[in-house]
Each structure stands twice: as structure tokens, then as C-alpha cells.
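Input sequences plus hints: build the corresponding full structure.
Going down the list, the sequences are from chains Z, C and G.
Going by full-length UniProt numbering, the first residue of the first sequence is number 1, and it counts up by one from there.
Going by full-length UniProt numbering, the first residue of the second sequence is number 1, and it counts up by one from there.
Going by full-length UniProt numbering, the first residue of the third sequence is number 1, and it counts up by one from there.
Read the hints as simulated data drawn from the structure, not as lab findings.
Just so you know, nobody snuck in bad clues.
A partial selection of chain C residues facing chain G, derived with a Cβ cut-off under 7 angstroms: (1) Ala14; (2) Ser22; (3) Phe25; (4) Gly77; (5) Ser101; (6) Ala105.
Covered by chain G, per the in silico footprint, the following chain Z stretches (three or more residues, Cβ under 8 angstroms): (7) 12-25; (8) 102-112.
Counterexamples of contact, computed for chain G against chain C with all Cβ distances above 12 angstroms: (9) Asp53; (10) Arg102; (11) Arg193; (12) Ile217; (13) Gln225; (14) Asp254; (15) Arg258.
No experiment lies behind these values; they were computed from the predicted model shown.
By construction, the Cβ of each residue, glycine as well, lies at the ideal position given by its N, Cα and C atoms.
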Amino acid sequence: MRALVVDDSRAMRRIVGRILGDAGFEVLEAADGQEALDLLAGPGDVPELACVDWNMPVMDGLTFITEVRRHPEWRAITLMMVTTESESDQIVRALAAGAHEYLIKPFTGEAMLEKLDLLGLLPTSTGV
Amino acid sequence: MTIASAPDQALVLAAIEQVWGSMLFATADPWPTERPAEFETGLQAQIELRGEWNGRLVLTCDAGVANQIANAMLGLGPEDELDEPDVHDAVGEVLNVVGGSVKGALPGTSALGLPGVSEVTEVPSRDESFVVSWGDAPVYVQIVPDAA
Amino acid sequence: MTISPQAFTFVRELVRAESAIVLEPGKEYLVESRLVPLAREAGHPDVDAYVADLSTRRSQAALMKVVEALTTNETSWFRDSDPYTTLRKEVLPLLAKTRPNRELRVWAAACSSGQEPYSIVMTALDTPELAGWKTDVIATDLSEEMLERGRRGEYSQLEVNRGMPATTLVRHFERSGLNWRINQSIKDRVQFRQLNLTRPFPPMGKFDVVFLRNVLIYFDLPTKQDILRRVRQVMAPDGHLFLGAAEMTMGVDDAWERVPAGRSSVYRIREEQRTCVPW
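Written out as C-alpha cells, the structure is:
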């Protein structure tokens, strides 16, 4: 399985990438929404999962998610916001735009694995 | 916890404790007022909040401490040498997460800027900041409202 | 600094031997994040060095610290997710057919800081067959401190991240400073009481569902047998018992039968045992 990590912080990309790598994902990285869209439009298989930060330069995560949901060929991508935005209203906005899950920073690796389990994306999970 | 309309020291400290504990595997304690908290060259990270309260959070620490924070975040040994951009990025992200937690605790929905990190040679005034511990070293935290 | 396969295997075998909990491959990050603080405390540069030292010294106290770090504090919402799916899709709809008074009583027998009983209430609210029903949960624990946390119903950002779907969070919680507070309507459905499982139970009435998850592992066999026998006495004859993933009644109290459900199992009192339970 492939996962795309979209975050402007290299450190955060490394952390998320490592958790996903340990969980068996092949990890791709992008530093903002536009870079992520370009990557999706390029050659290679569409990833099963995208973990997306909200506040990024060039294109933010909410716009990225809205764009992804506009493309039928990317429908299979599971979208999870991974962000420090933590108001209820913001979570509702992200879900309405098409995010499937939402993980608030700071988080532990366990919390991320549990979210993946909820989404049926761990080798041991069958989904809810 | 009561809901403050402006970020105060207790709120920011609580957010820092949470971030230190979960992302850096460290504890943050208030630095005793009488204890000196000097350093020569340091790193300063800032992030803006825009909403019912407008201002910025500023975090300043010694360059070596910044390197340690970055290492802790990335799960490396405390003395591993990281590139300067990596250290800047990690410290900026730490403040970004602190800022987001603080923002979420304020009433209404505010906007958070992107973190900015620069090198500084001056330690902030202790009157205008509070100091928390990173291990055995001080980290300065300032809550700076926009000038009226 | 990713944990080496050798170190992971060592820790996995240790935890399995001591707690019957299996750390599946993919849990490397969990092992490492839990052990980093211990490694630092013991003065090792990383987890691999710490584990290497543990495996040569074999100090029982140090080994148990590792087991403890990896087995306690598991306070997720909808923990393991599967039991709650089973509850919503199978157990509650089945019970709904046989309760004309439209009332259900659930016991969360080791409720810790409240995530389990609140998860049960939220699951009942998501069960269409229970629309308009009254579902009450009695939540018990040995620790007054834990019960107090449960009653307060306020959880940190880190705690609400654990296993809770985002839709559930925004539906049933609101921000309270840095924390999130569960809605009063959910709180009202849970009653927290102090209870020691190893002593005779106080009068509690009968329960349709009992959650006794991840607590039997801490007791010896005679205590396990005694607890399971007394749980039978407070169960409705057609009630359902949920145990932890690493726990079972087989060989402990055979008056229970295991019913496979989803990826896990639930337990029911055997038909022939239902009439002769001494009240």
C-alpha cells in the first residue's frame, strides 16, 4: 500500500512517514497541496492514503482535499487530516470537504495507528 | 479549565507540557524565577494568531537546545548533528503545534500563521516572558499581543 | 533510530510470555515510543542499546518495567474497535428484540478513566434498533481517582485522539480550554461507582451486557474463576459478556460459551446453566 504525506514541515513528514513505513506503507512526500496534486497527476499508482496538514504555503490542506474530491480517478484515496487545527468547526469543515478522518497534532504513533485501524488500512484491520 | 479570551501563561504552559510530553518525550517545568537563564546565541521561533485575540507566540532557546529539541522530535540521539534547516524546521513545527493547541482553546475560530524561525543573539527580557525547562536548560516563551 | 528487528522480537516475546498480549508486526513504533523514556532513564542512547542491555542482564525488575510500559495505560476510545462493532451490529439488535420495556443495563466493570462506559453509550446511540431506548451504564473501578476522572468527563487532546472517529468527537464533545468535554446527555447515562472485583458485589441488579475487558489478566486462576462465577449471577440469562482480546473463559469457567462475533468473540451463559444459577 502507498501513502502520501503532505506537510510543509520536513520533521513532521519524517515522523508521519516513519509511523506509516512501520505499518507497511510505501511513503511518498509532498511539502504543500500543489506539490501533492502534481504528484498525484504524475506517473505511478494512486496512493491508498493521504495524510494532510492544514496550514501550508502555496496550497493549504483543505483546498487540496477539496481538489482531490473533485477528481473521480482519485476517489479511492482515503484522506486524513493531520493538523494542529483543533476547533470543532474546523474538523467539521474538513469532513464536509471530504476528509475521512482527522488526527490532531500533537499525536502519538499509537493514536495514528488506531485511526488507520478505524479506516481499515492496517494489515490486521477489517474496518468498522 | 476555564476558557480565557486571551492566551495566558497557564494555558501556554499547559500546551507546551502536552507537546514536550507527546512529541519530544520530555517534561516541561516552569523555570525557577531566581535561577539564571542565560545563553549566548539562540534560535527564535514565532507564530501568529488572528481572531478575537491578535498577537504572536515567541519561543527562544539556546542553539544547542534547539538541536536537542529537533533530535528528540525525530527520535535521534541528543547530540546528533542536524543541518540548520532541519533544526529550524523542527523547532518551528514544535511551536506550530503549541500555537494550534492554544488557538483551539480560545473562543471562536482563529487563524494560525506559518511559523518563522531566525537566529538571535539576545536573550529576551525575563519581565516580558516566562521560562520553561528543556532538561537542564531554559526556553523563553513570550505571549505578545499586537500593539494597540 | 528505528528499533531493530532483534530488539522488537525480544520485547515481543517478553510481553507475550508475561502478559499474553501479542504485539503484532507493525507495532514497532509503539514499542519504541513506550521504551524511549525508559532507555533515557537508564542512560542508554537508544532503545536498541537498552534492549541489548536488558537481554544480557535479565533483571526481573527491569524486565517487568518494560512489560508494564507496554501493557498499561491503554485507554483508547472504542478500544480494539471490534467489540463495539459487534455490540452495535449484533448484540444490541438481538437484545432489542427481547426487551419490551425498551431498557438496557450495561456494566463496565473496570472502567478506568471513563472511555469504556462512554464508548458504550455512544455505540448505543449509533444503534438504530435502540432509537428511543433507555440505555444505562454502571461504570465501576477500584480507583477513586479514575472514577473522579470519569465523572468529570473531560479529556485531553491526546486522549481524544485515541481511537475516536472524528465524526464522533464533533458530535458528542465540545472544547473546554485545551481539553474536550463529553456532552451532558452522554454523561447522564453513566453512573460511576467504586467496586473491588475480588470482593462480593454489592446489589446492582441484572445486566444485559457486561464489559470485563483486560482486567482478568491481572488475576490468578482461582480469582478469575471466582469473578466469572459471580458475574454470571448478575447477568440476565441471555446477557452478553465481553472480555479482552487476550482473555477467554475456556478452562476458567466453563459455564460460559464462546460465541464467535466479527473478528473476536462474546460470551454467554450456557443454556443448561441458565436455570441453575444460584441467585
